[in-house]
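There are 2 protein chains.
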Amino acid sequence: MRLCKTIPELRSLLKAVRAEGKSIGLVPTMGYLHQGHLSLIREARQRCDVVVVSIFVNPTQFGPQEDFARYPRDLERDAALVAEIGGDVIFAPEATEMYPPGYSTYVEVGGVSEPLCGASRPGHFRGVATVVCKLFNIVRPDIAFFGQKDFQQVLVIRRMVQDLNMDVEIVDVPIVREPDGLALSSRNVYLSPEERKAALVLSRSLNLAREQVAQGQRDISQLKELVISRIKAEPLANIDYVEILSIPDLKPLDKLQDKALLALAVKFGQTRLIDNTVLEA
Amino acid sequence: MRLCKTIPELRSLLKAVRAEGKSIGLVPTMGYLHQGHLSLIREARQRCDVVVVSIFVNPTQFGPQEDFARYPRDLERDAALVAEIGGDVIFAPEATEMYPPGYSTYVEVGGVSEPLCGASRPGHFRGVATVVCKLFNIVRPDIAFFGQKDFQQVLVIRRMVQDLNMDVEIVDVPIVREPDGLALSSRNVYLSPEERKAALVLSRSLNLAREQVAQGQRDISQLKELVISRIKAEPLANIDYVEILSIPDLKPLDKLQDKALLALAVKFGQTRLIDNTVLEA
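Protein sequences, first through last, are from chains A and B.
According to the working numbering, the first sequence is numbered sequentially starting from 167.
According to the working numbering, the second sequence is numbered sequentially starting from 167.
Hint data in this document are derived by calculation from the structure and do not stem from the laboratory.
Yeah, the Cβ is synthetic: ideal placement off N, Cα and C, and Gly gets one too.
Careful: at least some of the hints might be erroneous.
To be verified - Just so you have them, the derived chain B footprint on chain A, three or more residues with Cβ under 8 Å: (1) 227 to 234; (2) 433 to 447.
Said to hold, decoys possible - Here are the simulated DMTMM-like pairs of lysine to aspartate or glutamate, each with C-alpha atoms no more than 25 Å apart in a straight line: (3) B:K171 - A:E335; (4) B:K171 - A:D420; (5) A:K171 - B:E242; (6) B:K433 - A:E335; (7) B:K181 - B:D233; (8) A:K181 - B:E377; (9) B:K421 - A:D333; (10) B:K433 - A:D215; (11) A:K181 - B:E186; (12) B:K188 - A:D333; (13) A:K188 - B:E377; (14) B:K188 - A:E186; (15) A:K188 - B:E409; (16) B:K421 - B:E360; (17) B:K363 - B:D333; (18) A:K188 - B:E186; (19) B:K181 - A:D420; (20) A:K181 - B:E335; (21) A:K398 - A:D424; (22) A:K181 - B:D385; (23) A:K171 - B:D406; (24) B:K421 - B:D406; (25) B:K188 - A:D308; (26) B:K181 - A:D333; (27) A:K181 - B:D308.
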C-alpha cells in the first residue's frame, strides 16, 4: 500500500494506473476508520482495480463552533486498517495542500443541501461539495463510494455530480451498526458510557417508526411525533432535528407514499449524532 | 466539422478522440464569432489535435436586467467560420441541456471575482465559473483558450482551475481590435453609428494612460483621473467603472510598480462595453 501526502505524488501514481487501463475507486473519508468505512473500502475493492482511500479532516465543512480541532485522528491505525483490507493507496494531505494561501473557490449545491444538516450546520455542505469536487478532480475515480449514514451528503453529491457533469459513478453503501443498533461514527468515541447507552434511542426510535409504517401508519406528522416523543423520553438526548422528507428532493410530506427519509440529529452532551432510515410504504 | 447539440453526443465523439491519444483544445464562446474568437481558434488549432468550439449564450451569467434575450445569435454563420478556420467540433447545446429542471449547483470564486465586472454585474462570474466548470467536465480539454478582452474572467477561471485542482491548461490570447482601435465584441453590433464613433474613446484613453506611464507617471490616482476625464469628454460615454488594480489579485494600488491592470466598462446608450490594458512600469 502507498501513502501519498501531496497532490502531485498522487497524480503521478494514478496516471500510471490509468495508463494501464485500470479502473479507480475512491473512498473519501475523514479517517479514524471504523467498520462503516471498511465496508465502503470492501465494496470498492470488489468493483475497482485500484482503491484510493482519502483521509482528510476537511476544515471547510466544520463550523467555527464545531469539533474540527478535537475530531479524532490516527493515521497510523488507519493505514494499518486500509492495508489489511486491501486498499491500494491512502491520500492524506495536509490542510495547506488542499487549501493553500489565497484559496477562494467553493461549490454551492442548492435545494437538497438546505434542510436537515444544512439548516443545523450552515456552510457544512458547501465544504463537503467543495472538497469532494477537488478530490474527484485530483483522483479522477471511475466510482466513488459513500455511506448512507450521511444520507443527505449522498444526495448533495449526486446533485453536484449531475449538475456539474462530473464523469464519476456514485455508489452508496448501507449503514453499519453496532450489535446493539448504534450507527458507527468516528464521533462515537466522544460519548461517555451513560451517553453511549442513551444514544441507543436513535436506532430504537427509527425502528419504532418502521414498525408503525409496517402496521399501516402513513401520516407523516404522527410518525414524526412518535419519534420525537420516544427520543424525548431519554433524558440525556437533546433533539437537533427530526424530519421525514421526500427522496431525493428532501421536501416536506403529508402522507407516506412510496418512500421517504426519516432523518434525525440528536445531541448527547457535546456530541451530536445523526442517524436515518428509509421508510417504505 | 461536426456539430453536437447534446452532451452524450459530444462525450462519445471525444471519447474516441481521447482513445487515439489525441489532445483536445476547447474554445468556450457565446457565439456570434468575430476575429477575436477566430484568433483563439487559430491558437487552439496550432496547439491541439482536435479543436472544440462551444457556442452557448449562458443564461446564468446574465443579470435579470441584462441583454440575454437580445444577445446576437447566428449559429449557421458561426459554423461556417469555425469550419473555414479548421475547427473540428462545435458544441452548441440548448439551455435545458446545460441547465435541466432541478438544476441547483454553482461554483463561486471569491476575491478576484469581486471588483470590476463582479461589482457591476452581481452573479456574473458565478455564472461564468459554473458554465466553464461544466464545459471542462464535459469536454475534458488539455488546453482551454480565453481572450484577454475579458481579463478578469481569465483571472477568475485560473483561480477556479487552481483551487478546484482541474487538470487543464489555461491559455489567454491578446485582444483583437478594429483598425481604428475598437476592441472586438459581439456587442459592438448594438452600437448606432454615432455610438460606434464615440466608443473609440475607450482604446484612446487606454493609449493615453500607457503614454503617461511611458513618460514616467506612476501615480495610480492621477492615471485614473486622466482616463476618467478623457472618457467624460465624450458626451455619449457613461462610465460604469475605471480601475487600475494589481495582477493577478485585483487589489487597489497607490503606485505603479512592475505591472497593473487598467480596466474600464463604459455604456454607450444601452450598450455596455469593456476594454483593458496592462500598464507596465
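For each hint, the structure was consulted:
Only residues whose C-beta sits within less than 8 Å of a C-beta in chain B count toward coverage, and the region 227 to 234 of chain A has 0 of them, not enough to reach three; the restraint is violated. Given a C-beta distance limit of less than 8 Å, the hint that chain B covers the region 433 to 447 of chain A is violated, as 0 residues qualify and 3 are needed. Between the alpha carbons of B:K171 and A:E335 the distance comes to roughly 24 Å, so the proposed pair stays at or under 25 Å and holds. For the hint linking B:K171 to A:D420, the alpha-carbon distance of about 41 Å lies beyond 25 Å, and the restraint is violated.
Among the hinted pairs, A:K171 with B:E242 is inconsistent with the structure: their alpha-carbon atoms are about 51 Å apart, more than 25 Å. Between the alpha carbons of B:K433 and A:E335 the distance comes to roughly 47 Å, so the proposed pair goes past 25 Å and is violated. The straight-line distance between the Cα atoms of B:K181 and B:D233 is roughly 36 Å, outside the 25 Å bound, and the hint therefore fails. Straight-line distance between C-alpha atoms of A:K181 and B:E377 comes to about 49 Å, which puts the hinted pair past the 25 Å bound.
Under the criterion of a C-alpha separation no larger than 25 Å, the hint pairing B:K421 with A:D333 is inconsistent with the structure, at around 47 Å. Taking the CA atoms of B:K433 and A:D215, the gap is about 58 Å. The hint is violated against a cut of 25 Å. A distance of roughly 17 Å separates the Cα atoms of A:K181 and B:E186; the hinted pair therefore holds under the 25 Å criterion. At roughly 19 Å between alpha-carbon atoms, B:K188 and A:D333 fall within 25 Å of each other, so this suggested pair holds.
For a cut-off of 25 Å, the pair hint linking A:K188 to B:E377 is broken: about 58 Å separates their Cα positions. Annotation: proposed proximity of B:K188 to A:E186 holds, straight-line Cα distance about 17 Å (limit 25 Å). With a C-alpha separation of about 51 Å, the suggested pairing of A:K188 with B:E409 is violated against the 25 Å cut-off. Our distance criterion of 25 Å between C-alpha atoms is broken by B:K421 and B:E360, whose separation comes to about 36 Å.
For a cut-off of 25 Å, the pair hint linking B:K363 to B:D333 is broken: about 43 Å separates their Cα positions. Under the criterion of a C-alpha separation no larger than 25 Å, the hint pairing A:K188 with B:E186 is consistent with the structure, at around 17 Å. Between the alpha carbons of B:K181 and A:D420 the distance comes to roughly 46 Å, so the proposed pair goes past 25 Å and is violated. Distance hint between A:K181 and B:E335 is fulfilled; the C-alpha atoms sit about 17 Å from each other, no more than 25 Å.
Between A:K398 and A:D424 the CA atoms are separated by roughly 28 Å; this puts the pair beyond 25 Å, and the hint is violated. A C-alpha spacing of about 49 Å is found between A:K181 and B:D385, which places the hinted pair above 25 Å, so the restraint is violated. The hinted pair formed by A:K171 and B:D406 fails the criterion: a straight-line CA distance of about 47 Å is larger than 25 Å. Distance restraint check for B:K421 and B:D406: the Cα-Cα separation of roughly 23 Å lies within the 25 Å cut-off, and the hinted pair is therefore satisfied.
Annotation: proposed proximity of B:K188 to A:D308 holds, straight-line Cα distance about 21 Å (limit 25 Å). The hinted pair formed by B:K181 and A:D333 meets the criterion: a straight-line CA distance of about 12 Å does not exceed 25 Å. Pair hint A:K181 plus B:D308 holds up; C-alpha atoms about 14 Å apart against a cutoff of 25 Å.
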